[in-house]
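Chemist: All chains, please: the whole structure from these sequences, using the hints.
Residue numbers (our numbering), protein chains in the order written: chain A, 1 to 701; chain B, 1 to 163; chain C, 1 to 101; chain D, 1 to 502.
Don't read these hints as lab results, they were simulated from the structure.
Please read these numbers as outputs of a predicted model, since none were measured by experiment.
Cβ atoms here follow ideal geometry from the backbone N, Cα and C, with glycine treated the same way.
Hints may be right or wrong, so weigh each one.
Simulated pairs of lysine to any residue, SDA-like, Cα-Cα distance not exceeding 20 Å [as the list claims (entries may be wrong)]: (1) C:K26 <-> B:L138; (2) D:K455 <-> D:F100; (3) A:K165 <-> D:W433; (4) A:K485 <-> A:A383; (5) A:K26 <-> D:A374; (6) C:K26 <-> B:F31; (7) C:K26 <-> A:Y684; (8) C:K26 <-> B:M18; (9) A:K165 <-> A:A383; (10) A:K26 <-> D:L385; (11) D:K455 <-> D:I466; (12) D:K304 <-> A:D629; (13) D:K446 <-> A:E163; (14) A:K164 <-> D:K446; (15) A:K680 <-> C:Y85; (16) D:K158 <-> D:N104; (17) B:K24 <-> C:V93; (18) A:K112 <-> A:I366; (19) A:K583 <-> A:G564.
Far from chain C, by Cβ distances over 12 Å, these chain A residues were calculated [as the list claims (entries may be wrong)]: (20) P2; (21) F63; (22) F77; (23) A215; (24) F221; (25) N227; (26) G456; (27) K480; (28) P535; (29) G543; (30) T558; (31) G568; (32) I575; (33) A619; (34) D634; (35) L689.
Listed next, the stretches of chain D that the computed footprint assigns to chain A, with coverage defined by at least 3 CB atoms under 8 Å from CB atoms of chain A [stated by the list, open to error]: (36) 212-226; (37) 295-309; (38) 327-336; (39) 370-377; (40) 387-398.
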Amino acid sequence: MPMVNLSLIILVLPLISFLFQIFFGKRLEHKKGEWISIALVLTTLLLAIIMFAQMLFDYQPDFRQEASINWVNLGQFQIEMGVLVDNITIIMLVVVALISSLVHLYSVEYMKNDVRYSRYFGFLGIFTFSMYGITIANNLFMIYCFWELVGLSSYLLIGHWWEKKSAADAGKKAFIVNRIGDIGMFMGMMVVATVAGTFNYQVLFERIASGAWAAGVQGLFGGVDPNTLLTWAGVLIFMGAIGKSAQFPLHVWLPDAMEGPTPVSALIHAATMVAAGVYLTVRIFPLLTPDAMAFVALIGGFTAFFAATIAITQNDLKKVLAYSTVSQLGYMIMALGTGAYVAGFFHLVTHAMFKALLFLASGSVIHMMHHSLTKLNDHHTDAQDMRNMGGLRSKMPITYAVFFIASLSISGIPLFSGFLSKDAILAGTWSYAAHIHDGWLAQAHLGWILPFFGFGAALITAFYMFRLIFMTFHGEPKRKDIFAKMHESPKLMTIPLMVLGALSTFIFFTLPSFNPLGGKSWFQTLVKQPETVVPMGAFDSEGFAHGLHLAHYPAMYTSLIVAGVGIGLAVLIYILKEIDPAKMAQRLGILYRGSLNKWYMDEIYLNGIIRPFLKGCDAIAYFDMEIYDHYVIDGVGRRVKALATGTGIADDLVVDGAVNLVGIIFQWLGWTFKFVQTGKIQNYLIYVLIGVLMVYLINVF
Amino acid sequence: MSEVIFWVIWVLVVISAMIVAYSKNLIYSVFSLLATFVGVAAIYIFLNADFIAVTQIVIYVGGILVLLIFGIMLTNRIAVAKINQSSFQTSLGMVVVGAVFVILVITILGQSWPVLAESMDFDSTVGKIGTLLFGDYLILFEVASILLLGALIGAATLARKEL
Amino acid sequence: MNHLESYLILSALLFSLGLYTVITRKNGVAILMGIELILNAANINFVAFSKFVTHQVEGHLMAIFIIMLAAAEAAVALAIILNLYNDQGNINVDEADALKR
Amino acid sequence: MGAHLLTLVTFVPVIGAIIIVLIPREKLDAIRWTAVAATGIQFIIAFMILGKYNRLNPDIQLIEHYSWIPAFNIEYFMGIDGLSLPMVLLTPFISFLAIFSSWNIPKAQKGYFSLFLLLDAGMMGVFVSLDFFLFYIFWEVMLLPMYFLIGMWGGPKKEYAAIKFFLYTLFGSVLLLLGMLALYFSLEPHTFNLVMLRAAAPAISQTFLLGLNAGKVIFILLFVGFAIKVPIFPFHTWLPLAHVEAPTAISVILAGILLKMGTYGFLRVSFPVLPAATLWFALPLAILGLINIIYGAMAALAQKDLKKMVAYSSINHMGYVLLGMAAMTSAGMNGAVFQMFNHGTITAMLFMLVGVIYDRAHHRDIDGFGGLAAKVPIYAGVVALAWFAGLGLPGLSGFLSEALCFIGAFPVFTWITIFATLGIVLNAAYFLWSYQRMFFGPLNPKYENLAEINKRELWTLVPLAIVVIFLGIYPAPMLDLMSGTLNQLVDYVKTAGITAGF
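Modeler: In structure tokens, the structure reads:
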């Protein structure tokens with residue numbers, strides 16, 4: 001069966017799961033219906049593994065299958081829907097299917113007592129569906145559609161516990177912030193569609209390479225430099241990735257998204273959906289000009305560093321991981337921006353494994369914490385606050401073990417997957433700084449800022465990850481009562497953890513050679529950096545590759561030292577207690593407070609943008625009804641009415657003026673003698689008498 | 001003797017009429033009106049108009065006055081012993097009415113009335129009135145009776161509650 | 001008692017008092033009484049002129065018609081007053097100023 | 001029979017109205033089912049028209065052409081093409097469903113349903129007539145029933161709203177009449193026949209009227225006439241009021257069909273007859289579209305009244321139509337007409353849903369709800385679907401039409417389109433915000449006993465939902481119907497507009 005058909009089956013199965021759960025989920029007995037969803041997802045995993053095996057069997061770096069249909073045909077304008085299967089697609093499919101399946105399994109236990117249990121699995125289904133859609137799309141329009149659907153499922157899942165205002169807010173925030181990024185993406189798509197007349201990646205790249213792009217720009221926007229427009233197109237499409245992958249300045253939604261159930265955080269907000277931005281950047285990589293790449297790299301680098309600084313001070317278990325995710329996504333984006341294409345995508349895969357592991361393991365802790373708190377009838381203590389944990393190592397050995405593996409992996413310690421990808425990224429930034437001279441970043445001699453961000457973030461990452469471990473699993477238990485009730489999570493939760501733990505080691509990624517630095521692994525072979533299609537002043541890939549080779553060992557050693565320093569610091573502070581963290585915080589003062597409060601980004605947005613904007617909206621609504629409608633429209637109405645009355649009087653005067661003159665005179669008289677008219681007969685009688693007397697007097701005199 | 005009686009009655013009529021006009025209590029007004037009517041009937045006697053005098057007694061005292069009393073009783077609460085009535089525009093009315101009265105008096109006194117030398121003495125006016133009424137004034141009489149009938153029906157209709 | 005003027009003055013007095021009653025009273029029944037006074041004054045005039053000036057009984061006839069008229073008027077007026085009472089709760093004519101409104 | 005489908009589809013509701021008038025007022029069910037039957041038959045006939053329509057032929061089809069008032073060259077001329085067919089399908093569809101959502105109208109049902117059917121006939125007549133005079137008559141016929149339907153069965157301020165609607169639209173009609181007569185007298189031969197007008201029209205840009213270019217003057221006159229119906233920004237204030245005061249079914253009709261008559265008028269009359277003026281006015285039209293999008297969305301964001309919010313969302317959504325059709329590109333024009341259809345179905349859902357909650361809670365204050373999703377999950381689900389359709393989620397029909405409008409407008413009005421894309425975010429903001437305030441958070445104790453959406457209400461919404469989802473996933477059937485005619489229209493306006501010139 002061709003890969004395309006397989007991928008289409010993979011696409012449709014989770015949708016069936018969604019529809020099934022929405023329409024019939026409630027009618028099935030609890031703990032029955034979800035197995036249908038799980039079976040469907042496991043089927044997709046099986047199919048993905050079949051595809052993967054086929055890929056390894058073929059071992060073709062240039063493997064590629066594509067098929068499309070005409071979705072919208074307006075004669076002069078067409079939109080296609082199509083499937084593109086190449087090695088990247090297959091790897092991504094496996095990652096998504098794997099994490100999704102494990103999360104499905106894990107959720108059975110985790111969400112056991114949830115009121116909307118079936119709906120939860122339905123939403124997982126539509127999420128998986130949309131994620132597959134993003135993965136197999138062969139054009140920008142289709143990826144945009146699924147992009148939005150992913151946003152929808154994220155909205156639904158973050159807001160799963162919508163009774164909590166914070167959860168409902170977080171869902172809305174995620175959707176809207178993502179949409180802001182999507183505007184950019186949509187504009188980029190419009191540029192592409194207008195100039196190149198297609199959404200299809202391959203056709204688009206061909207047209208750019210062949211000069212049709214330049215001609216199109218000339219025809220439509222004469223005077224605009226085609227290369228500038230291409231840069232803009234790239235940057236605009238990348239804006240979608242900024243939103244979805246939570247890059248600065250649109251990162252604010254991801255930490256809030258932790259309001260959703262923890263398996264959801266693992267699936268969507270750590271492993272797959274947020275990686276969609278990276279995946280998109282991977283897909284459009286060939287059209288990025290050096291300027292656009294510099295932008296991408298700077299955004300990614302800054303985000304990596306920026307988010308890491310926030311993660312240091314957070315006390316909420318999931319918040320630390322959330323900022324860590326933002327930071328790691330920044331790494332991937334930076335890698336792509338520096339031209340380390342393979343490293344970026346590689347980090348996506350390894351990160352998906354160990355970050356999903358981290359989230360699921362923390363979910364295991366939180367689940368048990370919650371359990372204990374429920375038993376203690378304590379509804380006030382925060383089950384996610386690390387300050388209530390400590391010493392859990394002995395109670396939850398499996399969780400502790402896999403958490404430790406994942407932390408080593410994310411910190412970039414050899415023999416773990418993170419080391420491979422992270423090292424490649426850092427080497428990439430080093431090479432970029434040293435050997436690349438194109439793009440405004442390099443031309444401004446700011447290239448070295450990227451390695452600085454990279455290594456700085458690596459240091460901080462190692463520190464905060466071990467801070468997390470030490471606070472949670474080591475030391476004295478801070479709450480003895482909770483501690484007493486803690487125990488290891490059930491099997492259905494620990495098995496996925498162990499699977500992911502295994503996948504966080506280096507073995508699976510360096511096959512067939514076990515040399516992690518050899519560059520002969522299947523991944524390095526099958527994922528090939530595509531040729532850039534930028535016509536003029538293209539990115540210097542050869543120089544970069546050369547630099548990469550040179551930078552490899554220095555970067556590796558530096559990163560090892562940096563990770564060691566980070567871990568060492570954490571040991572010093574939290575195990576040996578040589579340094580008091582409270583004193584440190586006091587000494588750092590403003591830096592500490594800034595970090596703790598996420599550098600006040602939310603407050604800046606709220607007070608700087610959202611509130612004034614809402615005020616503006618209120619003003620507009622007020623203007624519309626109370627001022628414009630009331631004074632202008634109704635005012636016109638009133639004027640016209642007055643005018644009509646006036647005209648009526650004037651008309652009467654002209655037409656039967658004489659009669660009306662008499663009338664008016666008598667009206668005046670009447671008005672004058674109005675006071676005489678009392679309506680009392682006796683008054684009238686006395687007037688009559690007075691009249692009689694006057695007549696008499698006149699007669700007499 | 002009859003001269004004295006005449007003037008006594010004259011004064012009585014005027015006083016009772018003044019009470020009618022000025023009394024604050026409506027009941028007093030009605031009863032002085034009775035006195036006025038009776039007094040006027042007596043004046044008719046002095047004017048040799050026996051039939052008119054009797055008619056005056058029968059219709060005014062027996063009919064109209066009873067009607068008036070009924071009117072008062074129907075439109076005021078019986079429990080209120082003193083049925084007050086108020087006036088307005090009294091000073092203006094006084095002036096105007098006074099002026100009218102003065103003019104009337106001036107006219108009456110300033111006029112030389114063509115009074116016949118010997119006053120006519122009637123035996124009885126009833127026969128003459130009857131002859132006239134069923135002779136020259138028959139049509140008028142019939143019209144008057146129709147008027148009365150109309151008034152009767154009209155009054156009865158008007159007085160019904162549901163008009 | 002044998003002077004026309006004495007009757008005419010009496011009549012003028014009754015007329016003026018009746019007129020005054022009609023002008024100043026608010027009560028409908030009182031106004032009606034004033035009207036009766038005026039009619040009586042007219043009657044006295046008729047009868048007096050009949051005796052002193054014409055020597056005919058036509059004046060008496062007029063008086064009879066006037067009395068009859070008064071009776072009819074009183075009946076109708078009282079019916080109207082009753083209606084007024086039903087309408088506004090009292091019989092004050094100054095409140096019946098619907099003509100103004 | 002087959003030859004008179006268009007006459008039939010227009011006058012079937014009139015027959016229904018007459019029958020209703022003859023039914024005694026006590027026989028409520030008979031009245032209702034007559035109305036259902038009338039619109040149902042109309043719907044079936046519309047489908048027969050669809051069956052007879054040849055989608056490969058972009059020209060006018062199913063023509064019915066008779067002389068009516070020969071002295072003035074007024075004709076009884078009906079026909080459909082790819083522009084009017086979607087509207088001909090939409091009108092009986094929405095009317096049919098609106099009958100069900102007005103099932104429990106409180107008083108004078110007889111008058112209500114007969115006026116309703118009269119309104120239906122008027123709207124249908126507008127969409128099928130090809131003689132300007134006939135068009136105008138139907139345009140006016142629809143006005144009066146609407147006035148009574150708002151003014152008699154409306155909310156607390158119904159009289160004000162009704163008179164406002166009436167005066168506003170009457171003002172527009174007067175200008176329309178002026179424009180029509182100006183067109184009639186400035187062209188040789190004097191005719192109201194839109195096909196002949198289109199053929200004769202290029203001459204008009206050389207004609208002068210009171211010293212001004214006749215093409216421009218007539219375009220402006222017609223523009224104001226149609227703009228009030230759309231409604232376009234400075235002429236829009238009747239809409240929120242009329243919507244808020246009108247009963248649910250009438251809001252559905254008003255937003256679902258009536259607003260389309262404005263844009264339909266542009267595409268049927270102004271664009272083909274005055275191509276040069278159209279090109280001259282395209283930029284202002286696009287700017288007005290942008291204002292409609294942003295202004296409508298911002299005003300919607302600030303509303304406390306749910307129905308008012310939906311009403312402003314209509315202003316916002318019609319902005320996309322304006323932007324798309326001003327662009328004069330294939331994608332924009334198709335997107336505009338497709339958006340007209342989609343807005344009809346989506347906004348009908350929105351208003352029906354507002355009506356459902358209003359029937360239960362007796363208020364529409366968004367902040368007055370809260371946590372309803374716990375109590376009425378099915379209703380919350382349907383609202384979510386409609387709300388997401390309204391904010392343009394891919395997979396639901398509104399998305400594609402909006403996207404087409406933007407894509408079509410981008411090469412022509414680049415900056416305007418860039419600003420207009422802000423509408424995408426604002427759409428999401430007001431819909432999601434209102435959804436959150438109504439359905440999320442802790443349950444408002446006042447609505448402990450809120451009843452779930454009942455079968456009748458649900459089944460009036462399901463057909464709309466099916467259409468919305470179907471066209472969202474597979475839009476080709478609808479786009480194929482109209483693309484031929486619309487592409488021809490775009491080409492014609494562009495070439496004729498440039499050759500005629502000023």
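Chemist: State for each hint whether it applies.
Modeler: Consistency of the hints with the structure:
1. C:K26 <-> B:L138: The given pair, whose Cα atoms are some 40 Å apart, is violated under the 20 Å limit.
2. D:K455 <-> D:F100: holds, 11 Å
3. A:K165 <-> D:W433: holds, 12 Å
4. A:K485 <-> A:A383: Given that 20 Å is the threshold and the Cα spacing comes to 13 Å, the pair holds.
5. A:K26 <-> D:A374: holds, 14 Å
6. C:K26 <-> B:F31: Distance ~18 Å between C:K26 and B:F31 Cα, so the pair holds.
7. C:K26 <-> A:Y684: holds, 14 Å
8. C:K26 <-> B:M18: Holds, because 17 Å separates the two Cα atoms, which is no more than 20 Å.
9. A:K165 <-> A:A383: It holds: about 18 Å lies between the C-alpha atoms, which stays within 20 Å.
10. A:K26 <-> D:L385: Measuring from Cα to Cα gives roughly 19 Å; hence the hint holds.
11. D:K455 <-> D:I466: With a Cα-Cα distance of about 16 Å, the restraint between D:K455 and D:I466 holds, given a limit of 20 Å.
12. D:K304 <-> A:D629: holds, 18 Å
13. D:K446 <-> A:E163: holds, 16 Å
14. A:K164 <-> D:K446: holds, 19 Å
15. A:K680 <-> C:Y85: Within the cut-off at roughly 17 Å; holds.
16. D:K158 <-> D:N104: Answer holds: D:K158 to D:N104 is near 18 Å, not above 20 Å.
17. B:K24 <-> C:V93: Within the cut-off at roughly 17 Å; holds.
18. A:K112 <-> A:I366: At roughly 14 Å apart (the allowed maximum being 20 Å), A:I366 and A:K112 satisfy the hint.
19. A:K583 <-> A:G564: Measuring from Cα to Cα gives roughly 23 Å; hence the hint is violated.
20. P2: holds, 96 Å
21. F63: Given a closest Cβ separation of 100 Å, the condition holds.
22. F77: For A:F77, whose nearest Cβ neighbour in chain C is about 75 Å away, the distance exceeds 12 Å, so it holds.
23. A215: holds, 88 Å
24. F221: holds, 78 Å
25. N227: For A:N227, whose nearest Cβ neighbour in chain C is about 88 Å away, the distance exceeds 12 Å, so it holds.
26. G456: holds, 92 Å
27. K480: Its Cβ never comes within 12 Å of chain C, the nearest being 88 Å, so this holds.
28. P535: holds, 93 Å
29. G543: For A:G543, whose nearest Cβ neighbour in chain C is about 103 Å away, the distance exceeds 12 Å, so it holds.
30. T558: A:T558 clear of chain C: closest Cβ-Cβ about 102 Å, beyond 12 Å.
31. G568: holds, 101 Å
32. I575: Fine: 99 Å to the nearest Cβ keeps A:I575 off the interface.
33. A619: holds, 49 Å
34. D634: Nearest chain C Cβ is 33 Å from A:D634, so the label holds.
35. L689: violated, 8 Å
36. 212-226: Violated, because only 0 residues of the segment 212-226 of chain D bring their Cβ atoms closer than 8 Å to Cβ atoms of chain A.
37. 295-309: holds (count 6)
38. 327-336: As far as the segment 327-336 of chain D goes, the hint holds, because 4 residues have Cβ atoms under 8 Å from chain A.
39. 370-377: Holds, because 3 residues of the segment 370-377 of chain D bring their Cβ atoms closer than 8 Å to Cβ atoms of chain A.
40. 387-398: Coverage by chain A holds for the segment 387-398 of chain D (4 residues, Cβ < 8 Å).
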